[in-house]
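If you read the sequences in order, they're chains A and B.
Take our numbering: the last position of the first sequence gets the number 362, and nothing is skipped along the way.
Take our numbering: the last position of the second sequence gets the number 1293, and nothing is skipped along the way.
Keep in mind that the hints are not guaranteed to be accurate.
As the list claims (entries may be wrong) - Pairs of lysine-lysine, BS3-like flavour, derived with a Cα cap of 27 Å:
1) A:K9 with A:K165
2) A:K187 with A:K266
3) A:K165 with A:K187
4) B:K1280 with B:K1118
5) B:K1114 with B:K1280
6) B:K1032 with B:K1257
7) A:K333 with A:K344
8) B:K1257 with A:K266
9) B:K1164 with B:K1084
10) B:K1176 with A:K236
11) B:K1164 with A:K333
12) A:K266 with B:K1167
13) B:K1118 with A:K267
14) A:K333 with B:K1032
15) A:K267 with A:K165
16) B:K1164 with B:K1257
17) B:K1114 with B:K1167
18) B:K1176 with B:K1257
19) B:K1114 with A:K267
20) B:K1032 with B:K1080
21) A:K333 with B:K1118
22) B:K1167 with B:K1032
23) A:K333 with B:K1167
24) B:K1257 with A:K267
25) B:K1257 with B:K1280
26) B:K1118 with A:K266
27) B:K1167 with B:K1257
Stated by the list, open to error - Here are a few chain A residues that sit away from chain B, every Cβ distance over 12 Å (derived from the structure):
28) K6
29) L38
30) G63
31) L67
32) I96
33) V107
34) I138
35) I142
36) I163
37) I318
38) N328
Honestly, the hints are just simulated from the structure, not real lab data.
Just so it is clear, CB atoms sit at the ideal spot from N, CA and C, and this is done for glycine as well.
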Amino acid sequence: MKKLSKNAKSNAVTYAIVIVFYIVMQILSGSGTLSSSLTGQLIPICVYICMAVSLNLTVGILGELSLGHAGFMSVGAFTGVIVAMSLQASVASGPIRLVLAMVVGAVMAAIVGVLVGVPVLRLRGDYLAIVTLAFGEIIKNILNNLYVAYDAEGLHIRLLTAISKSELAEGGFMIINGPQGATGITKLSTFTAGFLLMLFTLFVVLNLIQSRSGRAIMSIRDNRIAAESVGINVTKYKLMAFVVSAALAGMAGALYAMNFTGVAAKKFDFNTSILVLVFVVLGGMGNIRGSIIAAAILYVLPELLRAVNDYRMLFYAIVLIVVMLVTNNPTLKNGVNAVWTALKGVFVKTVPVPEEGGESDE
Amino acid sequence: MAFLSNLISGISLGSVYAIIALGYTMVYGIAKMLNFAHGDVIMVGAYMCFCAMNYWGLPPLAGILLAIIICTLLGIVIEKLAYKPLRAATSLAVLITAIGVSYFLQNAALLIFKADPKVFPSVVTLPNLRLFDGSLIISATSIITVIVSAIIMVALTLFVSRSKTGKAMRAVSEDKEAAQLMGINVNGTISVTFAIGSGLAAIAGVLLCSAYPTLMPTTGSMPGIKAFTAAVFGGIGSIPGAMLGGILLGVIEILGKAYISTELSDAIVFAVLIIVLLIKPTGLLGRKINEKV
């Protein structure tokens, strides 16, 4: 048997985690052990895992802080809804419509990604972060005032002025109605679709990271000027990472929207972007597997804290602060490590290892 | 006349943004961190003033004073508990912690004050100013807001440029280690910065809610984001930049609402920000930093 490379092994573990998660959840929900509220969370969990993995490409691998990832999600979501609802009559099969919606959603998000990325990526650091935030807000604001309807003549798209039912031809219907968002969506998303999307996202991101382009992207993160001086086209690779990340977010957004009967633009606000960023940072920047695990756990955490209903978001905030302090403060980190080692010592007899210098930093 | 009236309400709103932006920019200048919880300190200040006036029957001035004291203490406590342990950590780690603090404040407020919006009674009880036979009406709140902001800006500029503490603040923001070697108490200076920023946030909260009287646990977040934008707009880390950025942002927002589109006013504000940053990548008054390998 051919020996697997280190990367291939690590990839296999990552895929295995997702596959095991899928199988276990299928069995649990099939046997009715899973509470109904948790079953309802399965598709959003898949979506947020994809969001976290795709954002990790921008934040962890490219090293640029993006605060507007939910903007791309919303572009994908709304485009997806428009596609799925307009094709309702011509394409009968639900899964095919879902795939079409996701693909067009991804393409549209990628186009917006290029439009945003070209100006944004010229900036650095915190300035870049604030401009992504600004773009996220602009996208939300525009989608909040978008009116789309469909009838025999095709699509009617208008900004700011509402479309009334009487303007439409016989059998026409509203798709997006301004601040109310899209309503009357046929639920097409399934947990299996979410699972396949996760595999696809992982496949794209992992392959990109481990390719020549991926190494170029990481070299820009580690030292932009050095990368530039060895002939790496900084703008091209930055844009590549940014657009791929946007497209994947758009795809996840389309799946997300198709999981509900209605979806409004305000769902994809700054807080959603931040939520995904929290997953990425807590999972470890640039660590794809970490993003998956953090997204799954943190998304379910408020659900699990339902026992303390009113206090759950407060707990969530405290958990977030404590985790950040423990993982980033050298004194606390060493303290936790010491306790951990002591605990391990109780159960496992270990041969004491001589203290190594400089272990605490990174 | 309508233009003048819009311009004045724009300047008034902009002054509030400027006061909030000062908090962002000072903390950024000195601790190199984006304090995302700043917007929620505004909300806490407004609630304190609201409670003092509505439940405890205190006069408005006492309410404002109480809000300032509570917020100042809150700022110091937040800095000591959440940010100080992360002095050596990456800026992103601090950013996420700040977001955690922001969630904490919002949800604590949600538990204490519940989600239903409170109607904030204006702290300004003076009659509105009528000019040109009533064709131009300026609300007293706007006038007081602009005056208070102007006083704060002048006082802060003098404080930072003349006082010893202000000098220490400038030194720490320039070079933390060198400042420490010169005998400056760096941690103390950072605490003072947070205290001033949070105290200003309390004033901003009271002024904001006097003009826009709905008070909810999320009241602080949008003005917080806008003020943060204003700070970046003017060049983050620069005190005059924050003032200029704040006022310009307020004027653009109100004029955009009046003459272009009410619904798209936020989009207009952010679009202007993007255009400015593309032309001047470090903001209006920001310093250009050369990178070295």
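Now for the hints, and whether the structure bears them out:
For the proposed pair A:K9 and A:K165, the alpha carbon gap of about 57 Å is over 27 Å, so the pair is violated. Proposed proximity of A:K187 and A:K266 is supported: the alpha carbons are some 20 Å apart, at most 27 Å. The suggested pairing of A:K165 with A:K187 holds, with an alpha-carbon distance near 23 Å, which does not exceed 27 Å. For the given pair, B:K1280 sits about 41 Å from B:K1118 by alpha-carbon distance, which is inconsistent with the 27 Å threshold.
Note on B:K1114 and B:K1280: the hinted pairing is violated, with a Cα-Cα distance of about 43 Å set against a maximum of 27 Å. In summary, the hint linking B:K1032 to B:K1257 is not supported, as the alpha carbons are separated by about 34 Å, beyond the 27 Å threshold. Pair hint A:K333 plus A:K344 holds up; C-alpha atoms about 16 Å apart against a cutoff of 27 Å. A threshold of 27 Å between alpha carbons decides the hint, and for B:K1257 with A:K266 the separation of about 20 Å falls inside it, so the pair holds.
For a cut-off of 27 Å, the pair hint linking B:K1164 to B:K1084 stands: about 23 Å separates their Cα positions. Using a Cα cut-off of 27 Å, the hinted pair B:K1176 and A:K236 is violated, with the two alpha carbons roughly 36 Å apart. Between B:K1164 and A:K333 the CA atoms are separated by roughly 37 Å; this puts the pair beyond 27 Å, and the hint is violated. A hinted pair counts as satisfied when its Cα atoms are at most 27 Å apart, and A:K266 with B:K1167 does not qualify at roughly 44 Å.
Taking the CA atoms of B:K1118 and A:K267, the gap is near 24 Å; set against the 27 Å cutoff, the hint holds. Distance restraint check for A:K333 and B:K1032: the Cα-Cα separation of roughly 23 Å lies within the 27 Å cut-off, and the hinted pair is therefore satisfied. For the proposed pair A:K267 and A:K165, the alpha carbon gap of about 25 Å is at most 27 Å, so the pair holds. At most 27 Å may separate the alpha-carbon atoms for a hinted pair to count; B:K1164 and B:K1257 exceed this at roughly 43 Å.
As the CA atoms of B:K1114 and B:K1167 are separated by approximately 43 Å, the hinted pair breaks the 27 Å bound. Annotation: proposed proximity of B:K1176 to B:K1257 is violated, straight-line Cα distance about 43 Å (limit 27 Å). With a C-alpha separation of about 21 Å, the suggested pairing of B:K1114 with A:K267 holds against the 27 Å cut-off. In summary, the hint linking B:K1032 to B:K1080 is supported, as the alpha carbons are separated by about 16 Å, within the 27 Å threshold.
With a C-alpha separation of about 43 Å, the suggested pair A:K333 and B:K1118 falls outside the 27 Å cut-off, and the hint is violated. Restraint check: the Cα-Cα separation between B:K1167 and B:K1032 comes to about 17 Å, which is no more than 27 Å; the hinted pair holds. Our distance criterion of 27 Å between C-alpha atoms is broken by A:K333 and B:K1167, whose separation comes to about 35 Å. At most 27 Å may separate the alpha-carbon atoms for a hinted pair to count; B:K1257 and A:K267 meet this at roughly 23 Å.
With a CA separation close to 25 Å, the supplied pair B:K1257 and B:K1280 stays within the 27 Å bound. Simply put, B:K1118 and A:K266 have alpha-carbon atoms about 22 Å apart, close enough for the 27 Å limit, and the pair holds. Under the criterion of a C-alpha separation no larger than 27 Å, the hint pairing B:K1167 with B:K1257 is inconsistent with the structure, at around 41 Å. Interface exclusion of A:K6 from chain B stands, the closest Cβ pair being 26 Å apart, more than 12 Å.
Consistency note on A:L38: stated as away from chain B, and its beta-carbon is indeed over 12 Å from all of that chain's, at 22 Å minimum. A:G63, annotated as away from the interface, has a beta carbon of chain B within 12 Å; the closest lies near 10 Å. Against chain B, the non-interface label of A:L67 is violated: not every CB pair exceeds 12 Å, the least being about 9 Å. Even its closest Cβ contact with chain B, about 35 Å, leaves A:I96 beyond 12 Å, as expected for a residue assigned away from the interface.
Remark: the non-interface label on A:V107 is consistent with the geometry, its nearest Cβ contact in chain B lying 23 Å away (cut-off 12 Å). The beta carbon of A:I138 is not kept farther than 12 Å from every beta carbon of chain B, the shortest such distance being approximately 5 Å. Non-interface status of A:I142 relative to chain B is broken: a Cβ of that chain comes within 12 Å, the nearest being about 6 Å off. For A:I163, the shortest C-beta to C-beta distance to chain B comes to about 15 Å, beyond the 12 Å cut-off, and the non-interface label holds.
Here A:I318 does not stay apart from chain B, with its beta-carbon only about 7 Å from theirs, under the 12 Å limit. At roughly 4 Å, the least C-beta separation between A:N328 and chain B is not larger than 12 Å, which violates its mark as non-interface.
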